[in-house]
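Throw the hints in and build the complete structure from the sequences for me.
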Amino acid sequence: MIKKILRIFFFFLISSTCFAQSVNDYRSVASGNWTTVGIWEVYNGIAWVAATTYPGQIAGTNDVFIEGGFSVTISSNIINNFNSLTVGDGTGGTDTLVVANTSSFNTSLLTIANGGFASWINNVTLSFPANASVVVETGGSLDTRRPCSAAKRIQIGTVIYSTCNGGAGADYSFEDLNNGGGTLNVSPSSNSPVCLGQTIALFANPSGTGSTGATYSWSGTGPGGYSFSATVENPTESGITTSGTYTYTVTITDGDGNGNTNTDSVDVLVSNPPNTPVSGGNQIVCTGTSGTVTATVDAGETVDWYDAETGGNLLLTGNTSYTTNTAGTYYAETRGSTSGCTSIGRTAVVLATKSCSVITNRRITYRVSSSNLKTANPTGTPTTDMIVSFFDDGQFGPGNSYQLQVQNNTATAFNYEIWIQNVPYSSIPGLALGDHTLRTVNNGNGTYNYLFTSTSPLAGFQSRFITGSGGAPSPPGTGITCGCVSFYKL
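Take any residue in the sequence shown, count from 1 to its spot, add 68: that is its number in our numbering.
Calculated directly from the structure, the hints in this document are not laboratory data.
Treat the hints with caution; some may be incorrect.
[Stated by the list, open to error] Label pairs and their computed distance ranges (CB to CB):
#1 V346 <-> D375: 15 to 21 Å
#2 T299 <-> R214: 40 to 46 Å
#3 G128 <-> G106: 16 to 22 Å
#4 D375 <-> G281: 48 to 54 Å
#5 G137 <-> G281: 35 to 41 Å
#6 G225 <-> V346: 54 to 60 Å
#7 S172 <-> V300: 31 to 37 Å
Yeah, the Cβ is synthetic: ideal placement off N, Cα and C, and Gly gets one too.
Right under this line is the structure:
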């Protein structure tokens, strides 16, 4: 799995300075011997700083880069593991790894990148662990200059994989590796993450000398004793019935008949579909006005809105509410923000319209539902768990828009009613209810009561606005000091 990630990273690498670094990455800043601490810098998570150890001297080295036109000589065994070594940054002068004595690296990946060069100045062997890969990218090269003897060697595990001239029983010469892109390598990937019911697609991504005509052996393990096998390069799997992490391992065997192999694995995350959304309730608005339908989902999920129970047209993506002035039934579908999995079903929410009476006084013409003229008293339990954060109902003058902001003063979400009594205005111009419905009562004495009811719970310590788009009602009320606002918990 680690090698897979590194191969993807280095495939797109143009210069090591073009991409974000990781803690304990090393890079060359001068020429010299590998074990000379002063030729290295290390990335501490914020900046490159002078190294205090050489790469692999202690455990924890990440990726190592020979770059900047510098030459680094290896003449000893580097015992501690590190993720990878890349020679070449694609800019400026040649970046060189010089093999001066029999040596070894404890890493699974050496990449000779664009501008990189690996040179053997003596008849010696450079060794890597079993299943390691030496990748030669376009613009990079292993040294094939004379004298090109069979004593200049690359050894992987216990096998002399390549010699400069191909002698000493090696399967390939350095020229073969230069032409073929390096040693045999497989770097599996997939279409992970996937959802239950979807097909898993696996890709071997072979490369290197011997990969043409190669054969493949896949195996897979997962929850509940799951097993998988395949012998094609890019198999698929559609039999997953349990969510979880599945590991697929592929072994490539070269097509040259030499018996060389390379093995690597990839993890695939299979996720359950999320639950269908919970409706915020059907809504009724006056004909000709907009209404908002809402739905709630769990953390890490969002809602997409459609005009049909299945299929249909996507109306809005990534929002738990949908506003429209067209009556109809709208369908909310849950989507996992990370997994991308969608709910098996959709939740229907209805927006209906009805005719409303037009009432006119000498100041304001407005529409109000005929049902709103009936008594509308709170049905919840009085609570002090909500407070008024801001209330401009005209006390700042008629040029100010109506604003009522309330806040949940606890850490627990709940639905609520806002009861505003005896205010001296019969309507609110350009009213935007937000997540509320409204019933109004004419007290018959020139004052009115307003009952705002939430359509979805208000999260802990969060606030909501009810606003008017025009000037605040006139004559003015008495704002936040009026004492006319009370709250009820549903």
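Hint-by-hint comparison with the structure:
In this structure the hint that V346 and D375 lie 15 to 21 Å apart at CB holds, the actual value being about 20 Å. For T299 and R214, the hinted distance range of 40 to 46 Å is satisfied, since their beta carbons lie about 43 Å from each other. The given range of 16 to 22 Å is respected by G128 and G106, whose C-beta atoms sit roughly 20 Å from each other. Our hint of 48 to 54 Å for D375 and G281 holds, since their Cβ atoms are close to 53 Å apart.
Judged by the Cβ atoms, the range 35 to 41 Å given for G137 and G281 holds: they are separated by roughly 39 Å. Here the CB-CB span from G225 to V346 is close to 57 Å, well matched to the stated 54 to 60 Å. At roughly 36 Å, the beta carbons of S172 and V300 sit within the given window of 31 to 37 Å.
The structure shown violates none of the earlier numbered hints.
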